[in-house]
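Protein sequence lines, in the order shown, are assigned to chains A and B.
When you number the first sequence by the numbering used here, it's gap-free, plus one each residue, and the end is 410.
When you number the second sequence by the numbering used here, it's gap-free, plus one each residue, and the end is 410.
These are computed hints drawn from the structure, not numbers from a lab.
Be aware that a few hints might be false.
Heads up, the list lumps identical chains together, so a pair's fine if it works in one copy or across two of them.
Unchecked claim - Keeping only pairs whose Cα atoms sit at most 35 Å apart, straight-line, the calculated DSBU-like set for lysine-lysine is:
| no. | residue 1 | residue 2 |
| --- | --- | --- |
| 1 | Lys287 | Lys93 |
| 2 | Lys57 | Lys38 |
| 3 | Lys401 | Lys147 |
| 4 | Lys58 | Lys214 |
| 5 | Lys147 | Lys34 |
| 6 | Lys214 | Lys287 |
| 7 | Lys147 | Lys37 |
| 8 | Lys37 | Lys196 |
| 9 | Lys241 | Lys58 |
| 10 | Lys25 | Lys124 |
| 11 | Lys58 | Lys37 |
| 12 | Lys58 | Lys240 |
| 13 | Lys114 | Lys25 |
| 14 | Lys241 | Lys34 |
| 15 | Lys58 | Lys114 |
| 16 | Lys9 | Lys114 |
| 17 | Lys326 | Lys96 |
| 18 | Lys58 | Lys34 |
| 19 | Lys147 | Lys93 |
| 20 | Lys240 | Lys170 |
| 21 | Lys317 | Lys93 |
Note that the structure is predicted; figures quoted are calculated from it, not measured.
One letter stands for each residue in the lines below.
2 protein chains.
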Amino acid sequence: MITKVIKFGGTSVGNISRIKEVANIIIDKANKKQRIVVIVSAMSGVTNDLIKKSQEISTNFSDEEYDVLVSSGEQVTSALLSACLIDKGIKARSLLAWQVPIVTVGQHKNSRIISINSKSINRYLDQNYVVVIPGFQGISEKLRISTIGRGGSDASAVAVAKALKADRCEIYTDVQGVFTTNPDICREAKKIDKISYDEMLEMSSSGAKVMQSTSIQKAMLNEVEIFVKSTFYPKKVGTHILSENKISYDKVITGVAYSIDDAKVTIIGVKDKPGVASAIFKPLNDQNIIVDMIVQNVSAESNETDVTFTVKSNDMNQTEKLLNRLKSELGYKKLITDKNVSKISIVGAGMITHPGIAYKMFNSLALKNINILVISTSEIRISVLIEEKNAELAVKTLHNVFELA
Amino acid sequence: MITKVIKFGGTSVGNISRIKEVANIIIDKANKKQRIVVIVSAMSGVTNDLIKKSQEISTNFSDEEYDVLVSSGEQVTSALLSACLIDKGIKARSLLAWQVPIVTVGQHKNSRIISINSKSINRYLDQNYVVVIPGFQGISEKLRISTIGRGGSDASAVAVAKALKADRCEIYTDVQGVFTTNPDICREAKKIDKISYDEMLEMSSSGAKVMQSTSIQKAMLNEVEIFVKSTFYPKKVGTHILSENKISYDKVITGVAYSIDDAKVTIIGVKDKPGVASAIFKPLNDQNIIVDMIVQNVSAESNETDVTFTVKSNDMNQTEKLLNRLKSELGYKKLITDKNVSKISIVGAGMITHPGIAYKMFNSLALKNINILVISTSEIRISVLIEEKNAELAVKTLHNVFELA
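Only chain A is shown next, with the shape it has when bound in the complex:
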């Protein structure tokens, strides 16, 4: 008998009638004699509401109690969905993290699952129960409720799939799969049938919001095959995420991703001497500010240089404050910041064997008079930072040039 772990996100269980639809998807599988474990998120809006309450209580809300607070959201969905299944004649039960148990390590609010007692889950699957597990939560070694960071239900699903050696892990979302780019800004965007873990990871960290990066990483490490599907069109095929060697590529580029929550920082007139990069980026790192793209201009004539990098928009204020404080120490002349930038990325495993992709990308943007501010690349990704006003045009242009439609 085939074992499936299926995960439903917050929108999929956003209200009572959607929970009933989700129950129907599950019943369809259970009737096919599949062993089903369901991972659920909190109903959309619930987690934000709980977080709002915590912020009203304290600007320094205890991490331990935060986890007790927010984990209640997934608990509620688990109970509602289980009861809905039971009402429809299916054997079902909720298993909370402490009942499995799902053991985590690391700090509260940001824990990591290290073990899942698959026996307790299998005990119910063997009796033909559908088991409903709240995502996002675990228990610490001190037997306190822990959570694994926002969007953590994906990670819960992958971890449970791994623990059960499940045949597949299905992630149900409000989209029909992973697309060549965002269909909202490019009508020609097509659903991708198969994508490698690496590509999905690059797409995700470049702005595609379908799955959380760390869960893709975890799936890759454990070779858990993932299917991203639509809760609203469950009969449609969706996107299959799997190892690169199981895919035969007919296109060089798999997708175009973009993000608009980046901000650009330029430090002008920094002394050009060894250790300057470290002096800039270590304090940022110490404050958990993630620096993405970095470029340093070559200074041929003076002993000064300009350093440009990007951070997430909501880290911008903290970054500015920090650099202002370090001004005399770093000895720079001027700080320029810009939130109106956008990062456009092309992603594709085929890039490795096809030279000239970068040129083709830069040239097609130049033909549209789109100025490139910063460039960064990985083996299977090329990203450029451009002015935000050009983002839509750039995405459409690249989608067209690389024949993704």
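Using the hints provided, position chain B relative to the given structure of chain A.
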């Protein structure tokens, strides 16, 4: 060091600013070096909202999953209050029912606490923690979340007080204590300083809403002294509930209670033969319909009799259906029902040693032209059923006649 169990109901923790006020009450005690365990209800409205969701999912919602669902409400309050205390510099932590554990037996939705591991609570009290425990919840012997019925936070508080051998149990509510009658309908109502468990029990089951009857019973059995106090005026003394032998009575009657959620059922023309009462009341009992007052008219001339009794208003429809179905079996002539009735009770331990109280009650109602439909009594209580429109007048009259102002 003195150990206190203090319980806050839904209105007391109804919103964020009230939770902050509750934290101040606790801090005041913690600063006096008292060992404090706090029992909290769900924020007002939360439980009803969860129940509404369950009803939208299914009219036959699983009892097991119902407990998983609704227990989340108290979990949320526990986390918010604990974090609020921590934020204000107090050592505090939440301990959920499964973490204590608080073990229950009996059916889901209506379980009974049978054991509480006081060691795990004392472990934190010994380290000067304020321990915050969600009321209303426990875990079953199958390690599933259970709940102990609505209003169960009172029962949780009494059970924890008993397990810890606490010096006192304080129930914080939205009123200033137990009153001689409802101050909303009788301005002369006075707060009662001391009341016996028995009297409180009769007051509660006769309509006074301050505390849930089963928790008073439990407190009586275990001699847990209770103080009912106001969350909004925490400095005021409140009402002390204790053993009768510790009270010196200066009044015969302690209070006047009333309820308006009763309904009267009269079965006319029942065969007057042995076993008829059992034939009527056994099927009602089988369907968990609680019958309160019963009166059967003596039939001197015919071999027929009329039986009148009361049930709760919301059991009325079910009662009518059942009796209509049993019509031929019982062989009665006619069924008359009336929801516009009210039960007025006078309660007082002094009644035992003072004859003539019943006469005084009936006479003073007669002088006001208030007709008595049914009478029932216990050792320390006399209740009469009257037309609902006369309820307020009856309460005021009795409050005055028995000099409670």
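Outcome of the hint check:
1. Lys287 with Lys93: So Lys287 and Lys93 pass the 35 Å test across copies only (33 Å; inside, 57 Å).
2. Lys57 with Lys38: between (42 Å within a copy, 33 Å between copies)
3. Lys401 with Lys147: Classified as neither; 51 Å inside a copy, 58 Å across copies.
4. Lys58 with Lys214: both (26 Å within a copy, 29 Å between copies)
5. Lys147 with Lys34: Result: close only across copies, 28 Å inter versus 37 Å intra.
6. Lys214 with Lys287: Within. Shortest intra-copy distance 29 Å satisfies the 35 Å Cα cut-off; inter-copy 62 Å does not.
7. Lys147 with Lys37: For Lys147 and Lys37, only the inter-copy Cα distance (30 Å) is at most 35 Å; the intra-copy one is 40 Å.
8. Lys37 with Lys196: within (27 Å within a copy, 65 Å between copies)
9. Lys241 with Lys58: between (39 Å within a copy, 30 Å between copies)
10. Lys25 with Lys124: Within. Shortest intra-copy distance 29 Å satisfies the 35 Å Cα cut-off; inter-copy 43 Å does not.
11. Lys58 with Lys37: For Lys58 and Lys37, the Cα distance is within 35 Å only across copies (29 Å; inside one copy 43 Å).
12. Lys58 with Lys240: between (39 Å within a copy, 28 Å between copies)
13. Lys114 with Lys25: both (30 Å within a copy, 23 Å between copies)
14. Lys241 with Lys34: Only inside one copy: Lys241 and Lys34 sit 15 Å apart there, 61 Å across copies, limit 35 Å.
15. Lys58 with Lys114: This pair counts as both: shortest intra-copy Cα distance 16 Å, inter-copy 28 Å.
16. Lys9 with Lys114: both (28 Å within a copy, 32 Å between copies)
17. Lys326 with Lys96: Between copies, since 33 Å is at most 35 Å while 56 Å is not.
18. Lys58 with Lys34: between (38 Å within a copy, 25 Å between copies)
19. Lys147 with Lys93: Only across copies: Lys147 and Lys93 sit 24 Å apart there, 38 Å inside one copy, limit 35 Å.
20. Lys240 with Lys170: within (24 Å within a copy, 60 Å between copies)
21. Lys317 with Lys93: Classified as between; 32 Å across copies, 46 Å inside a copy.
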